[in-house]
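Q: Protein chains in written order, with our numbering: chain A, 11 to 163; chain B, 11 to 163.
Source of the hints: derived by calculation from the structure; they are not laboratory data. Careful, some of the hints might be misleading.
What the hints assert, rightly or not - Pairwise CB distance ranges, derived in the manner of DEER restraints:
| hint | chain 1 | residue 1 | chain 2 | residue 2 | range |
| --- | --- | --- | --- | --- | --- |
| 1 | A | Thr148 | B | Leu23 | 26 to 34 Å |
| 2 | A | Ala86 | B | Ala131 | 36 to 44 Å |
| 3 | B | Thr37 | A | Thr87 | 25 to 33 Å |
| 4 | B | Ala162 | A | Leu23 | 51 to 59 Å |
| 5 | B | Ala162 | A | Ala24 | 50 to 58 Å |
| 6 | A | Glu67 | B | Ala127 | 23 to 31 Å |
For glycine and all other residues, C-beta sits at the position ideal for the given N, C-alpha and C.
Protein chains: 2
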Amino acid sequence: MADQKNFITYEDLAVGQKFAAGPQRVTQEDIIAFGKQYDPQDFHTDPVKAKDTVFGELVASGWHTACLAMRMIVTATPEMEGGMVGRAVENINWPRSVRPDDLLSLTIEITELRASAKYPARGLMRTKNTVTNQNGETVMEMEAVVFVPRKAA
Amino acid sequence: MADQKNFITYEDLAVGQKFAAGPQRVTQEDIIAFGKQYDPQDFHTDPVKAKDTVFGELVASGWHTACLAMRMIVTATPEMEGGMVGRAVENINWPRSVRPDDLLSLTIEITELRASAKYPARGLMRTKNTVTNQNGETVMEMEAVVFVPRKAA
Numbered sequence: 011m012a013d014q015k016n017f018i019t020y021e022d023l024a025v026g027q028k029f030a031a032g033p034q035r036v037t038q039e040d041i042i043a044f045g046k047q048y049d050p051q052d053f054h055t056d057p058v059k060a061k062d063t064v065f066g067e068l069v070a071s072g073w074h075t076a077c078l079a080m081r082m083i084v085t086a087t088p089e090m091e092g093g094m095v096g097r098a099v100e101n102i103n104w105p106r107s108v109r110p111d112d113l114l115s116l117t118i119e120i121t122e123l124r125a126s127a128k129y130p131a132r133g134l135m136r137t138k139n140t141v142t143n144q145n146g147e148t149v150m151e152m153e154a155v156v157f158v159p160r161k162a163a
Numbered sequence: 011m012a013d014q015k016n017f018i019t020y021e022d023l024a025v026g027q028k029f030a031a032g033p034q035r036v037t038q039e040d041i042i043a044f045g046k047q048y049d050p051q052d053f054h055t056d057p058v059k060a061k062d063t064v065f066g067e068l069v070a071s072g073w074h075t076a077c078l079a080m081r082m083i084v085t086a087t088p089e090m091e092g093g094m095v096g097r098a099v100e101n102i103n104w105p106r107s108v109r110p111d112d113l114l115s116l117t118i119e120i121t122e123l124r125a126s127a128k129y130p131a132r133g134l135m136r137t138k139n140t141v142t143n144q145n146g147e148t149v150m151e152m153e154a155v156v157f158v159p160r161k162a163a
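Isolated chain A, as found in the complex (with noise of 0.2 Å):
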């Protein structure tokens, strides 16, 4: 397989380093045409409709979130681009709404590496990453773990 990018490794990460990236603007159209292609609910598709509903205004969805954060992860470390393959996400909690015109902000931070038993050529990397409003409240948190690759030896 024909690997012609730099990317970064397991030898490049340690436990306890973090990322930033974004900030990323959420607009009422981006919301809208998201809900109705991903998640057609009044809340995510109708800011009138949206009044009647549980929430009470129109709100991003959360898997809107969880793709605007997946954008910045890829756009701010183009590095690893390519190199990186997430294997599983855990614990997804969107403790506030996204509303329009929110400015979020993604850090990453590494909280476990380890070796793959079923891959050599590979480590496991496991990161917390949390997603924040212009005004610092959470509005998602996930863990997700991904394999890197290791340098070749």
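Given chain A's structure and the hints, the job is docking chain B onto it.
A: Same frame as chain A, now just chain B:
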């Protein structure tokens, strides 16, 4: 809060109940469009460059599969629309890749139901959600924890 819809409530549900949704076809065009917007890595955006990546071919972003599962849930269960609110998602994993023209189906099984101590008007439902392809192979699994409205007293 006006609530004209006849939602499924906590009292209508039982552990062990299953819901099926789909099938939903995923095209190469869908995979690339999603990849460019939310997960811009060669293996999600470019069938030629994908050959030189760890996947060796174009595959759908795992977040794309998660979003398609959400759409299947909403469109298959319109009587739930607007009444249920996701609280958390646990243990997402993607044991196989989703490829162009795969036909995805979703099964939802209720694994736990309990009253919410914090919100008397809601119950909490835990489900195991499984997405399979046209060969019956699992491409995504996750557990969802969802607030469900209770029947008004």
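Q: Now tell me if each hint is right for this structure.
A: Hint check:
1. With their beta carbons about 30 Å apart, Thr148 of chain A and Leu23 of chain B fall inside the hinted range of 26 to 34 Å.
2. Restraint check, Ala86 of chain A to Ala131 of chain B: a C-beta distance of roughly 40 Å satisfies the suggested window 36 to 44 Å.
3. The hinted range of 25 to 33 Å is satisfied by Thr37 of chain B and Thr87 of chain A, whose Cβ atoms lie roughly 29 Å apart.
4. In this structure, Ala162 of chain B and Leu23 of chain A meet the distance hint of 51 to 59 Å, their C-beta atoms being roughly 53 Å apart.
5. Checking the proposed 50 to 58 Å range against Ala162 of chain B and Ala24 of chain A shows it holds: the Cβ atoms sit about 54 Å from each other.
6. Between Glu67 of chain A and Ala127 of chain B the beta carbons are some 26 Å apart, a value that agrees with the proposed interval 23 to 31 Å.
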